[in-house]
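Enquirer: Make a model of the complete structure from these sequences and hints.
There are 2 protein chains.
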Amino acid sequence: MNDRTLDVVGIGNAMVDVLSQAEDAFLEAQGMTKGAMTLIDGARAEALYAAMGPGVEVSGGSAANSMAGLAALGGGAAFIGKVRNDQLGGIFRHDIRAAGVAFDTPPATEGPPTARCLVLVTPDAQRTMETFLGACVELGPEEIDEALVAKAKVTYLEGYLWDPPRAKEAFVKAARCAHEAGRKVALTLSDPFCVERHRAEFRDLVEGHVDLLFANEHEICSLYQVEAFDLALQAVRGSCDLAVLTRSEKGAVVIEGNEVHVADAEPVKKVLDTTGAGDLFAAGFLYGYTQGRTLYACARIGAVAAAEVISHYGARPEADLAELVERRMARQPA
Amino acid sequence: MNDRTLDVVGIGNAMVDVLSQAEDAFLEAQGMTKGAMTLIDGARAEALYAAMGPGVEVSGGSAANSMAGLAALGGGAAFIGKVRNDQLGGIFRHDIRAAGVAFDTPPATEGPPTARCLVLVTPDAQRTMETFLGACVELGPEEIDEALVAKAKVTYLEGYLWDPPRAKEAFVKAARCAHEAGRKVALTLSDPFCVERHRAEFRDLVEGHVDLLFANEHEICSLYQVEAFDLALQAVRGSCDLAVLTRSEKGAVVIEGNEVHVADAEPVKKVLDTTGAGDLFAAGFLYGYTQGRTLYACARIGAVAAAEVISHYGARPEADLAELVERRMARQPA
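Protein sequences appear in the order of chains C and Y. In this text, residue positions in the first sequence follow the working numbering: the first is 1, and each later residue adds one. In this text, residue positions in the second sequence follow the working numbering: the first is 335, and each later residue adds one.
Treat each hint with caution, since some may be false.
As the list claims (entries may be wrong) - DSS-like, lysine-lysine: derived pairs with alpha carbons at most 25 Å apart:
1. Y:Lys603 / C:Lys269
2. Y:Lys368 / Y:Lys584
3. Y:Lys604 / C:Lys269
Since the hints were derived computationally from the structure, they do not count as laboratory data.
Expert: Spelled out as structure tokens, the structure:
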């Protein structure tokens with residue numbers, strides 16, 4: 001990545017995913033909420049891990065996955081997030097850099113270990129996650145590189161940052177830096193339960209501090225406490241400059257002022273693991289956005305990137321995303 | 335696993351694999367020997383890891399993979415091998431136990447970290463490996479649980495154990511215990527370069543100390559320094575009670591005294607990653623062997639287990655192996 005072409009800096013929880021296949025009965029026996037991300041402490045993480053089947057470790061984290069996707073598409077990406085100086089932290093650092101993302105947040109030298117997310121994938125390709133935040137609780141405003149944020153066209157923040165106490169301050173500082181430099185601030189609501197935990201603050205953010213909002217149907221409905229997607233759509237309209245709402249196989253709706261676009265989802269032969277679908281949709285959209293594409297094209301690039309990541313296990317792209325998007329977009333308008 | 339039905343105890347290097355996709359040009363630039371397993375030190379491991387693309391971490395180790403496969407088939411399996419008390423060691427321990435294998439070797443509390451094997455998978459599905467032995471060099475005869483070895487129908491040893499200095503003593507002690515208890519000792523030659531490093535000792539082992547020998551075509555040709563498979567076959571005949579020789583898609587040849595069997599390979603739609611093919615063949619063969627099946631059936635079970643593992647990334651089974659073998663073997667003689 002060339003510093004002069006930094007498109008997006010992502011700020012989020014830096015973690016390693018531990019993926020394992022499980023039956024629905026296992027989730028029930030463990031009292032897990034299917035499809036959700038639940039925060040757990042170190043002791044619960046140990047107990048669940050001991051009960052789980054053999055795992056596969058891959059670097060994860062929502063905004064980190066999006067930055068890896070953006071880099072795979074050819075965009076200039078950087079990431080800010082906190083790991084510990086342990087083996088999992090080394091794996092996270094290696095993988096995000098090897099994906100082409102600039103990552104220079106110094107690891108914590110004491111305190112809890114690198115965060116991990118235990119991901120149980122059921123036969124229906126749904127993922128259910130329990131996250132031990134570990135070293136992520138150490139992220140604070142001192143880690144925000146103001147020059148980096150000022151350079152990025154977009155600062156992309158994950159809602160999950162509202163969970164570790166001091167990361168919120170980092171978030172606020174980054175948003176202020178970005179706006180002072182005339183840049184855009186984007187937020188993803190991350191997860192309906194995350195919205196549940198921080199609804200009032202998220203509404204305030206959406207209405208006053210965020211330029212681009214990413215949310216899926218469940219998240220936006222939770223934000224406005226409505227049942228129907230259309231009601232959420234009317235509520236968000238006008239309160240945020242640009243809202244990008246995703247609806248899985250039903251496609252995406254993009255709203256900017258009076259402009260509204262509806263983009264279809266990309267067909268997928270067999271959905272293997274939905275982990276990372278939203279992260280990669282955001283990556284694709286942000287790539288198009290920072291390249292000056294139309295809003296419709298942005299949403300379609302997001303759809304193609306999301307389709308790739310749900311066709312295999314793991315939340316980061318495996319195929320040559322840039323080539324894939326070029327091939328698919330050549331057949332479409334704009 | 336029930337102690338009274340311990341079928342096989344595997345002894346080998348305990349390691350975590352780091353899998354990454356790479357082009358042939360990368361192997362050339364790194365001076366790697368394609369298709370081989372090369373031993374490297376910690377500094378080289380750091381340098382290669384830094385140059386590699388994003389990775390996926392999965393538990394590995396040749397004999398450990400075989401024991402995971404044996405357990406997946408329904409056999410009683412145990413493993414002896416040395417990790418460090420670090421995060422990768424915890425991953426290894428969790429995964430092998432979660433696979434149903436008894437594993438009680440205490441981790442080293444000082445010295446080098448848990449071993450890792452950097453596995454580069456090229457587009458032709460070949461794997462090229464560089465291994466940092468780490469804590470494996472701490473395995474010594476004191477780790478051999480004599481009661482466990484005496485209980486197992488077969489003690490299965492990997493040739494790779496000849497690399498770390500004291501593991502050889504562990505190997506010799508285990509073989510002696512097994513024979514004193516009237517049990518069988520099996521050896522896999524592991525890798526043609528491993529044979530190259532220890533040829534004289536391996537020949538001595540095969541001729542005097544081993545009841546079952548597992549080798550692929552390249553390994554057995556290297557052992558006897560011959561070019562043609564048939565020459566190696568004639569050489570091994572008579573020097574080892576039971577030799578199981580694998581030839582990838584050409585199937586396997588099993589020789590016991592005057593008895594010779596030829597078993598076809600199991601067809602595979604698309605070979606994705608050949609890592610673990612030999613390990614899972616051995617698992618299937620040993621499962622049949624300890625269940626008292628015919629030698630032909632043993633080889634076919636091995637072929638089915640090997641076919642499963644090369645159809646996906648990673649060296650441990652993902653499908654329900656017991657069910658798969660039952661289904662495939664129902665259509666075959668014996």
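Enquirer: For every hint, state whether the structure bears it out.
Expert: Here is how each hint holds up against the structure:
Only pairs whose Cα atoms come within 25 Å are accepted, and Lys603 of chain Y paired with Lys269 of chain C is accepted, the gap being roughly 17 Å. About 21 Å separates the Cα atoms of Lys368 of chain Y and Lys584 of chain Y, which keeps this hinted pair within 25 Å; it holds. Simply put, Lys604 of chain Y and Lys269 of chain C have alpha-carbon atoms about 17 Å apart, close enough for the 25 Å limit, and the pair holds.
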